[in-house]
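*Asks:* Build out the structure end to end from the sequences listed, making use of the hints.
2 protein chains.
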Amino acid sequence: MGAVIEELTSFLHPDQVSQNETALDQHSHDESYHSVFPPFVVVYPNKTTEVQAIVKAACQHSIPIIPYGLGTSLEGHVIPYDSGITIDFSLMDTIIEVRNEDFLVKVQPGVTRSRLNKELKKHGLFFSVDPGADATLGGMAATNASGTTSVKYGIMRDQVRSLEVVTPSGEIIHTGNLAQKSSSGYNLNGLYVGSEGTLGCITELTLKVYGIPEYSMAARASFPTITDAVDAVVSILQAGIPIARVELVDEESIRQVNSFHHRTYREKPTLFLEFHGNEPGLRHDIDFTKEIVSDHLCEEMYFEEDHTAMVQLWEARHNLAYAYVHGNPGRKLMVTDVCVPISSLAGAIQHARERLNFHQLNGGILGHVGDGNYHALLMIDMEKEGELSRAELFNEEIVTYAINCGGTCTGEHGVGKGKMKYQELEHGEATQVMRQIKKAIDPKGIMNPNKLITM
Amino acid sequence: MGAVIEELTSFLHPDQVSQNETALDQHSHDESYHSVFPPFVVVYPNKTTEVQAIVKAACQHSIPIIPYGLGTSLEGHVIPYDSGITIDFSLMDTIIEVRNEDFLVKVQPGVTRSRLNKELKKHGLFFSVDPGADATLGGMAATNASGTTSVKYGIMRDQVRSLEVVTPSGEIIHTGNLAQKSSSGYNLNGLYVGSEGTLGCITELTLKVYGIPEYSMAARASFPTITDAVDAVVSILQAGIPIARVELVDEESIRQVNSFHHRTYREKPTLFLEFHGNEPGLRHDIDFTKEIVSDHLCEEMYFEEDHTAMVQLWEARHNLAYAYVHGNPGRKLMVTDVCVPISSLAGAIQHARERLNFHQLNGGILGHVGDGNYHALLMIDMEKEGELSRAELFNEEIVTYAINCGGTCTGEHGVGKGKMKYQELEHGEATQVMRQIKKAIDPKGIMNPNKLITM
Chain A
1 MGAVIEELTS FLHPDQVSQN ETALDQHSHD ESYHSVFPPF VVVYPNKTTE VQAIVKAACQ
61 HSIPIIPYGL GTSLEGHVIP YDSGITIDFS LMDTIIEVRN EDFLVKVQPG VTRSRLNKEL
121 KKHGLFFSVD PGADATLGGM AATNASGTTS VKYGIMRDQV RSLEVVTPSG EIIHTGNLAQ
181 KSSSGYNLNG LYVGSEGTLG CITELTLKVY GIPEYSMAAR ASFPTITDAV DAVVSILQAG
241 IPIARVELVD EESIRQVNSF HHRTYREKPT LFLEFHGNEP GLRHDIDFTK EIVSDHLCEE
301 MYFEEDHTAM VQLWEARHNL AYAYVHGNPG RKLMVTDVCV PISSLAGAIQ HARERLNFHQ
361 LNGGILGHVG DGNYHALLMI DMEKEGELSR AELFNEEIVT YAINCGGTCT GEHGVGKGKM
421 KYQELEHGEA TQVMRQIKKA IDPKGIMNPN KLITM
Chain B
1 MGAVIEELTS FLHPDQVSQN ETALDQHSHD ESYHSVFPPF VVVYPNKTTE VQAIVKAACQ
61 HSIPIIPYGL GTSLEGHVIP YDSGITIDFS LMDTIIEVRN EDFLVKVQPG VTRSRLNKEL
121 KKHGLFFSVD PGADATLGGM AATNASGTTS VKYGIMRDQV RSLEVVTPSG EIIHTGNLAQ
181 KSSSGYNLNG LYVGSEGTLG CITELTLKVY GIPEYSMAAR ASFPTITDAV DAVVSILQAG
241 IPIARVELVD EESIRQVNSF HHRTYREKPT LFLEFHGNEP GLRHDIDFTK EIVSDHLCEE
301 MYFEEDHTAM VQLWEARHNL AYAYVHGNPG RKLMVTDVCV PISSLAGAIQ HARERLNFHQ
361 LNGGILGHVG DGNYHALLMI DMEKEGELSR AELFNEEIVT YAINCGGTCT GEHGVGKGKM
421 KYQELEHGEA TQVMRQIKKA IDPKGIMNPN KLITM
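One line per chain: the protein sequences are A and B, in this order.
Its first residue numbered 1, the first sequence is counted upward by one per residue in full-length UniProt numbering.
Its first residue numbered 1, the second sequence is counted upward by one per residue in full-length UniProt numbering.
Hints were generated in silico from the structure; no laboratory data involved.
Do not rely on the hints blindly, as some may be mistaken.
No distinction is drawn between identical chains; accordingly, a pair holds when it is met within one copy or between any pair of copies.
As the list claims (entries may be wrong) - The calculated lysine-lysine pairs, modelled on DSSO-like cross-linking and capped at a C-alpha distance of 30 Å, are:
#  : residue 1 : residue 2
1  : 290       : 208
2  : 384       : 439
3  : 417       : 439
4  : 208       : 421
5  : 290       : 122
6  : 56        : 417
7  : 152       : 118
8  : 121       : 444
9  : 439       : 56
10 : 208       : 384
11 : 122       : 152
12 : 332       : 268
13 : 384       : 332
14 : 421       : 106
15 : 106       : 118
16 : 121       : 268
17 : 208       : 118
18 : 47        : 444
As the structure is a computational prediction, the values presented were derived from the model and not from experiment.
*Replies:* So this is what it looks like as structure tokens:
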């Protein structure tokens with residue numbers, strides 16, 4: 001691989017090419033329990049044409065390329081198990097254009113969602129997709145991220161209007177346009193979102209944004225059992241209330257929140273809710289919601305209308321994984337991520353709790369229950385004999401249960417390395433079509449190899 | 001091709017295989033001006049395994065396959081220019097399952113949207129996608145149809161949760177699952193929606209449905225000029241009013257409505273609007289909308305709260321193309337279909353009107369202006385020297401204008417035969433990736449050949 005370094009330094013500044021141990025180490029892992037492996041070299045392009053030149057060099061030398069945002073993924077997506085060139089997009093972090101009238105924004109892939117939202121606020125706009133981590137938008141598109149607001153605003157794939165992509169052969173393409181809808185050509189936009197760097201490198205994104213709602217209100221509602229809380233969510237959805245967020249946080253996780261954030265939330269299964277709209281409509285929705293949760297034995301419902309209190313509520317929810325990590329030093333994080341049809345949600349969560357107990361695993365259950373997406377969050381002692389394998393078995397049981405009831409092995413974290421083994425089970429014969437696509441677009445198999453689909 | 005008839009009749013009932021002249025003629029055209037061409041044979045499968053056997057036979061004999069719903073397309077999608085086997089899905093018209101709790105419905109491809117909505121009404125549900133024609137759901141998925149409600153509920157691609165597809169090699173695959181969201185594998189769902197039968201035959205659809213809104217109200221608002229009407233729409237969207245429908249109908253088209261439906265609507269550029277929500281929220285939205293349209297010189301705003309009156313209003317809008325056809329016997333229909341960023345909409349429509357006048361073409365302008373999608377509707381006298389070529393030139397000018405301002409050559413009708421010539425202009429290098437996908441999935445090129453993308 002030595003020859004490629006020479007080639008890379010022929011068009012990149014020496015500062016943009018690193019084999020420094022710290023850099024290699026930083027790019028050898030994500031935020032999960034997956035085993036680490038360093039890249040051969042890390043490069044930091046400044047612009048699309050540099051990415052193009054890097055990909056062309058890699059293509060010529062048949063060396064793997066691993067696109068890297070901030071490394072917040074949870075399924076080993078960015079770990080270079082086959083070595084190769086990690087492209088770190090941190091220098092490509094410009095917010096190129098805000099098109100107020102069109103509700104669009106054009107950004108480079110290294111921009112994080114919080115930075116984008118800070119900028120958009122000046123225009124009375126916001127970007128809706130909201131995973132826990134402050135990920136880069138390139139990474140979020142690559143994994144088709146979602147989060148707390150997708151029940152109302154949709155997932156990452158719904159927000160991507162167009163991507164600039166450097167293909168595995170080094171061509172620069174655009175997958176969409178600026179129009180609200182199109183029936184022209186194959187839907188490359190939707191194909192590239194969620195392709196996890198296996199079909200090319202995203203070098204620019206055009207994203208849909210929204211006007212900050214006229215009025216919003218958040219609430220916490222606690223219930224005697226998880227099943228009561230989940231049943232309340234199903235009833236809220238059935239009633240057609242256009243809820244903006246509805247998150248389940250179990251008893252154990254509320255304890256972590258209280259300890260990490262010094263809160264005094266009631267330590268019971270809790271829903272965190274948010275409503276967006278105009279004031280009279282929203283008050284009507286909230287009255288209806290109060291009736292519904294009360295029918296489901298809600299013990300306490302607490303409203304936050306004040307902006308700071310709302311921010312604090314969601315901060316608590318977003319930092320939950322970090323609260324667990326903080327409260328369990330030395331352990332590694334495993335987060336299950338299935339998504340099931342709403343009608344199967346209560347049963348799925350009950351099954352997950354039973355299997356956690358059976359395997360004597362400590363973990364919290366939480367998630368974006370309005371979508372049928374929940375997570376079991378485990379802190380694994382990697383030194384403790386059998387703990388990792390019990391956790392992996394538990395994850396497999398959760399996945400099998402979800403697929404059997406018509407769901408998916410991953411609602412929002414993506415496949416990466418961790419969920420590859422479930423692709424045949426979930427997609428059956430369709431995996432063959434996926435392989436045909438991968439082979440056609442990346443015949444040399446250089447783009448993030450051995451991720452998403454076995455070839 | 002004689003051998004294939006023998007093979008087809010070996011597993012299909014003689015009634016399911018037709019070379020009858022009427023059947024061939026019926027399948028030789030769509031509802032547009034595109035030139036006609038008959039298939040070699042028409043087959044009427046009853047079930048997926050029959051479709052599979054038909055595709056396998058066609059694959060073995062390298063004979064083209066053309067999937068056919070009801071022939072309501074407007075860009076020649078279903079016309080068998082290379083001859084071959086037309087698969088008519090009219091016998092596969094079962095509504096398989098309504099999953100109330102999951103807001104999902106499973107149907108065969110031959111079910112029409114009006115029949116589905118009739119069934120869903122019993123469950124308090126509705127299917128949102130609403131093009132003018134009473135198309136089949138298989139056809140609507142194949143072309144990624146949309147229509148009047150997409151400004152609120154999204155387009156066909158947003159409603160498809162999973163498809164059962166017979167691939168060009170005769171495998172049966174499922175492109176998705178029953179969960180609300182997924183980040184597992186490549187997004188075959190989104191790829192097959194809008195692939196226009198070029199990557200396989202859709203044999204079953206799982207679709208998202210919605211609860212019938214608590215309250216809805218429709219309105220007509222007339223303006224002195226089209227530009228005033230379009231500017232009013234832009235202001236309504238900017239204000240964040242979650243409007244369910246907002247349709248522009250120009251003066252000429254209002255005249256067609258009045259004559260066809262015996263109405264007395266004011267013959268001025270008009271917006272047809274609809275609002276869905278809870279009553280207090282909706283009244284607030286309507287008050288705000290009234291202020292906005294009045295700022296844009298609205299001459300008259302007329303509300304319809306009564307269900308029958310609302311149905312009549314939308315019936316008038318939906319039947320507009322038929323009103324034109326009825327009012328112009330012997331002529332053929334051409335409908336332009338560009339979609340532009342909202343900020344370019346007023347200019348685009350003004351340009352279209354100028355070019356219509358320049359080319360001395362009679363036509364109406366109307367469309368789903370909340371999406372930036374508008375149509376110029378022309379009735380072409382095919383006998384009149386130069387009229388078709390002037391109309392084609394006009395269409396090209398409209399498309400070029402739209403692409404130059406970041407839009408698309410087709411917002412909802414699809415590419416078919418008619419928009420193939422604009423694919424390179426719109427997608428540039430990305431057409432090469434589209435070709436790679438087509439070649440990989442359909443190496444023999446038997447699925448609806450010479451549609452969507454030139455190979």
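*Asks:* What are the numbers of the hints the structure violates, in ascending order?
*Replies:* Going through the list in order, the structure violates hints 2, 8, 10 and 16 and respects the others.
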